[in-house]
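**Student:** Below, each chain spelled out in residue letters.
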Amino acid sequence: MSRITADEVRELALLARLRLSDQEVAAMTDNLGAILEYVDALRALDTTSVEPMTHAVPFDCPTREDEVKPSLEPDEALANAPRRDGSFFQVPRIVPGPGADGEGGGS
Amino acid sequence: MIAIDARGATAVAIADGVRAGKLRARDVAEQYLDRIARLDGALGCYLLIDAEGARRRADAVDAAYKAGRDPGALAGVPLGVKDIFCTRGVETTCASKILRGFVPPYESTVTARLAGAGAVMLGKLNMDEFAMGSSNENSAFKPVKNPWSHAHVPGGSSGGSAAAIAASLCAGAIGTDTGGSIRQPAALCGVVGMKPTYGRVSRYGVIAFASSLDHPGPFGRTVEDAAALLEAMAGADPHDSTSIPAPIGAYRAAARAGGDGPEPLKGMRLGVPDEYFQPGMDAEVEAAVRGALDELARAGAQIVKVSLPNTKYAIATYYLICTAEASSNLARYDGVRFGYRAPDARSLEEMYTKTRGEGFGTEPKRRIMLGTYVLRAGYYEAYYGKALRARRKIADDFQAAFAGCDAIVTPTSPIPAFKFGEKTSDPLQMYLADVLTVGPDLAGIPALSQSCGFTKAGLPIGLQTIAPALGEEICFRVAGAYEARTKWHERLPPETAS
Numbered sequence: 394m395s396r397i398t399a400d401e402v403r404e405l406a407l408l409a410r411l412r413l414s415d416q417e418v419a420a421m422t423d424n425l426g427a428i429l430e431y432v433d434a435l436r437a438l439d440t441t442s443v444e445p446m447t448h449a450v451p452f453d454c455p456t457r458e459d460e461v462k463p464s465l466e467p468d469e470a471l472a473n474a475p476r477r478d479g480s481f482f483q484v485p486r487i488v489p490g491p492g493a494d495g496e497g498g499g500s
Numbered sequence: 006m007i008a009i010d011a012r013g014a015t016a017v018a019i020a021d022g023v024r025a026g027k028l029r030a031r032d033v034a035e036q037y038l039d040r041i042a043r044l045d046g047a048l049g050c051y052l053l054i055d056a057e058g059a060r061r062r063a064d065a066v067d068a069a070y071k072a073g074r075d076p077g078a079l080a081g082v083p084l085g086v087k088d089i090f091c092t093r094g095v096e097t098t099c100a101s102k103i104l105r106g107f108v109p110p111y112e113s114t115v116t117a118r119l120a121g122a123g124a125v126m127l128g129k130l131n132m133d134e135f136a137m138g139s140s141n142e143n144s145a146f147k148p149v150k151n152p153w154s155h156a157h158v159p160g161g162s163s164g165g166s167a168a169a170i171a172a173s174l175c176a177g178a179i180g181t182d183t184g185g186s187i188r189q190p191a192a193l194c195g196v197v198g199m200k201p202t203y204g205r206v207s208r209y210g211v212i213a214f215a216s217s218l219d220h221p222g223p224f225g226r227t228v229e230d231a232a233a234l235l236e237a238m239a240g241a242d243p244h245d246s247t248s249i250p251a252p253i254g255a256y257r258a259a260a261r262a263g264g265d266g267p268e269p270l271k272g273m274r275l276g277v278p279d280e281y282f283q284p285g286m287d288a289e290v291e292a293a294v295r296g297a298l299d300e301l302a303r304a305g306a307q308i309v310k311v312s313l314p315n316t317k318y319a320i321a322t323y324y325l326i327c328t329a330e331a332s333s334n335l336a337r338y339d340g341v342r343f344g345y346r347a348p349d350a351r352s353l354e355e356m357y358t359k360t361r362g363e364g365f366g367t368e369p370k371r372r373i374m375l376g377t378y379v380l381r382a383g384y385y386e387a388y389y390g391k392a393l394r395a396r397r398k399i400a401d402d403f404q405a406a407f408a409g410c411d412a413i414v415t416p417t418s419p420i421p422a423f424k425f426g427e428k429t430s431d432p433l434q435m436y437l438a439d440v441l442t443v444g445p446d447l448a449g450i451p452a453l454s455q456s457c458g459f460t461k462a463g464l465p466i467g468l469q470t471i472a473p474a475l476g477e478e479i480c481f482r483v484a485g486a487y488e489a490r491t492k493w494h495e496r497l498p499p500e501t502a503s
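Going line by line, the protein sequences match chains X and G. Per the numbering used here: the first sequence = residues 394 to 500. Per the numbering used here: the second sequence = residues 6 to 503.
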């Protein structure tokens, strides 16, 4: 029995916002199953009373003065936008309404 | 003016020549650009060649020298940059379709510092997509060939960086190492690759894969070349709160000190862990590394046994942590602000899923999925939490070992370069290629790979030196001593015009 089913893979893909083909779902189910089986070896390691290590070196989060400094101009920040409208990133309509189809409006 | 033969030239020889007025940075740049034009078609190291920018940068170095200004410690050094470093005004793709056409509006700290030291960037180097891979076969655009044998992979993910140094298509290169991505390709291509301490080099402007594990670092033909690059790259950065404020070491001096006198390593204890010599290791790799240990003993080092008992858990620990972090980091590729957007989506939801489904290659998808799985409510503690605890135990192993030695010496990769397609059908087999390199990433400690021989088939073999946190100078000293007593680094791969 695999560690993960095709239905679980489809659910994960939805959570991760990834559209996968049926072929990809099948391959992913096999691959993830094998990888999850491999990482199960970790269960044999006793980690009682071991503190999780979230940072590679001892680390105190440094703080800085809250000062206004120059940053990107709006045109620079928007230069890579797949679609823009003035100084806005443009995306398909989020709220349903009249003419909700496609990326209409603006451009 | 003297000319320089770019084939086999070292970065420090070029910088010395330019700084002394014996070489023109522009002439050097032209020679490398000419080599790239003639030779890279067959190798695929470069994703982008910025000839015009390189000429402009070289001319600026020459102008600085002429005006009597210091042209920098790396004056005129032709530099290859892994396409994971953001370069202002120069396309940066991370070898992914999802970032095709992305032109960063800002410069990474590392590339800015190298440019400030006079290095001349020639272009952007190929890699595994989002630095995920150990063979460079995951590049969305083209594979990189190993210069020693075009049927073999160069390693990954910084395969373009290692191959470009080996083939003299740049004199210095930079890459990133998350699970071995600098050291493993350095080993497979027979060059020097150095992963410094976590935080020693700023990650600002380095496209994130697994933030607690990503280490930028240098590649060079020689130990001193890598040391010279690291001196220019390292140091605290106000743009990266995880960068370390400690002063930068004298890395070049440490590399050179390794060549001083008959016993430059006298008084030094080098630890050898049995766990890094396991069944499955290639016999020629083991023989070469054992031979290198003998050479280090002749250089005055005392070879001692150490133990890293949790090594067998390193790959599982690594893949749980790196995929969890990757799934979060790669959430930003949603088609809204930059990069690819699926053209025909009718809703926001559809735009996200189609953009990501079409833009990402198989390996990033696999890691996003695994990371999403291990971070899910209900699984988080069993997988991710467990891995963070295992990471501590693996790091503690190194700390305990360093109580009995100054550095640890191991093979870099249990096998030499493998053939294209050999491991692509089984991702787990590909992950196991990193078995000897992930430990120092998890522990955040410095490690260097250099060439210590060749197989009978002519493929390079890598030797790894691992030191305690901020012990970069120890790595350079040991590696410098080995290099001074051997000639492996002088061998050059055959050349095939494309």
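Just so you know, not all the hints are guaranteed correct.
[Stated by the list, open to error] Chain G regions said to be covered by chain X (calculated; three or more residues, Cβ under 8 Å):
(1) 60 to 74
(2) 102 to 111
(3) 139 to 153
(4) 167 to 178
(5) 323 to 333
(6) 396 to 405
[Said to hold, decoys possible] Just some of the chain X residues that point at chain G, by a computed CB distance under 10 Å:
(7) ARG410
(8) ARG412
(9) LEU413
(10) ALA419
(11) VAL450
(12) ARG457
(13) ASP459
(14) VAL461
(15) SER480
(16) VAL484
(17) GLY490
Note that these hints are calculated values from the structure, not bench results. By construction, the Cβ of each residue, glycine as well, lies at the ideal position given by its N, Cα and C atoms.
**Student:** Hint by hint, note whether the structure agrees.
**Tutor:** Hints, one by one, checked against the model:
Counting residues of the segment 60 to 74 of chain G whose beta-carbon sits less than 8 Å from any beta-carbon of chain X gives 0, not enough to reach three: the coverage restraint is violated. With 5 residues having a Cβ less than 8 Å from any Cβ of chain X, the segment 102 to 111 of chain G passes the three-residue criterion, so the hint holds. With 0 residues bearing a CB less than 8 Å from a CB of chain X, the segment 139 to 153 of chain G misses the requirement of three and the coverage assertion fails. With a cut-off of 8 Å between beta carbons, the segment 167 to 178 of chain G has 0 residues touching chain X; three or more are needed, and the interface restraint is violated.
Residue count for the segment 323 to 333 of chain G with a Cβ under 8 Å from a Cβ of chain X: 3. That meets the three needed, and the coverage hint holds. Closer than 8 Å: that is the beta-carbon criterion, and the segment 396 to 405 of chain G has 4 residues meeting it against chain X, so the requirement of 3 holds. Interface restraint check: ARG410(X) against chain G, minimum CB-CB distance 4 Å, threshold 10 Å, status holds. A cut of 10 Å between beta carbons decides the hint on ARG412(X): the least distance to chain G is about 3 Å, and the hint holds.
Evaluation of the LEU413(X) hint against chain G yields a held restraint, the C-beta minimum of about 6 Å falling below 10 Å. Because the smallest distance between the Cβ of ALA419(X) and any Cβ of chain G comes to about 13 Å, over 10 Å, the interface hint for this residue is violated. For VAL450(X), the shortest C-beta to C-beta distance to chain G is roughly 5 Å, which falls under 10 Å, so the interface hint holds. With 10 Å as the threshold, the beta carbon of ARG457(X) comes within range of chain G, its nearest partner Cβ sitting at about 7 Å, so the hint holds.
The beta carbon of ASP459(X) comes no nearer than 14 Å to any beta carbon in chain G, farther than 10 Å, and the hint placing it at the interface is violated. This hint is violated: VAL461(X) has a C-beta 15 Å from the nearest C-beta of chain G, more than the 10 Å allowed. Annotation: SER480(X) was flagged as interfacial toward chain G, and the flag is violated, the nearest CB pair being 13 Å apart, outside 10 Å. Residue-level restraint check for VAL484(X) holds (minimum Cβ-Cβ distance to chain G is 6 Å; threshold 10 Å).
Proximity of GLY490(X) to chain G is violated relative to the hint, the smallest CB-CB distance being about 13 Å (cut-off 10 Å).
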